[in-house]
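S.K.: Sequence:
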Amino acid sequence: MNSKNARKSIAVKQRNIIIEAASICIQKQGLRGTTIADIAQLTKLGPGQIYRCFRNKIEIIEEIVQRSVVRQIHEMASINLDFELMTQILSGRELSETPQMVDDNTLILELKIEAMHNPRIAKVLQSADAQLMKENCRLIKMHYPLLDDVHIEALGETLAVLMEGSLLRNPFRQIRLRSHKNLQHIYLLLLNRIFEDWRDGITGLSNVDTAD
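When we follow full-length UniProt numbering, the leftmost residue of the sequence shown carries the number 1, and every step to the right adds one.
Because the hints were derived from the structure by calculation, they are not lab data. Incorrect hints may have been included.
Below, simulated BS3-like cross-link-like pairs (lysine-lysine); rule was C-alpha separation at most 30 Å, straight line [unchecked claim]:
#, residue 1, residue 2
1, 112, 134
2, 112, 28
3, 44, 57
Since we're looking at a predicted model, the values are computed, not measured.
Let's have the full structure, built from the sequences with the hints guiding it.
M.R.: Structure below.
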């Protein structure tokens, strides 16, 4: 390995270490409570080394969010609008969340709270949401090619609300929910009602005015 490639490899490793440390700090201390000094202490890197990789804390946040987006897009592609699998996840019957996914959800929730007061964080999350919605709509279009873009966007937003709401409730309902099977059945009925009527066209939406 030549010196240029060696330096690049070191830089990549340092960025990964910084991202991992920043994620841990934010989960424990919150975004506002996390400083570059905290990250430096956890990574055993000097602040100068961190600033050579990232100009500021916002750039670190952008990288954390972008990596989460990549993982979520991969997960969406693997589910591929499979209603049975989706409803298992929604109901909590399929505990498919890896530790990384749990960390991602915790971090994104923390960032969403911060975004209410911080326009820069809000912009980062809006960009991430646009990427996820684009992939969501691509999958819907693949399965329902006769639907127009306006209706696909509405369906994509509906799915996003269901999935994000479910993720927020997962830690609590696991404790007390008596029948995940019944909940899955309700979700399955809901998704079939929303989507299956329109597999061959837009009959389910034909009377809906698409203009705001």
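S.K.: Between residue 112 and residue 28, is the straight-line Cα distance small enough, at 30 Å or below?
M.R.: Distance ~16 Å between residue 112 and residue 28 Cα, so the pair holds.
S.K.: Within a Cα-Cα threshold of 30 Å, do residue 44 and residue 57 meet the stated pairing?
M.R.: Given that 30 Å is the threshold and the Cα spacing comes to 17 Å, the pair holds.
S.K.: With a cut-off of 30 Å on the C-alpha distance, tell me whether residue 112 and residue 134 pass.
M.R.: Given pair residue 112, residue 134 holds - Cα atoms ~20 Å apart, limit 30 Å.
No hint from the list above goes unmet by this structure.
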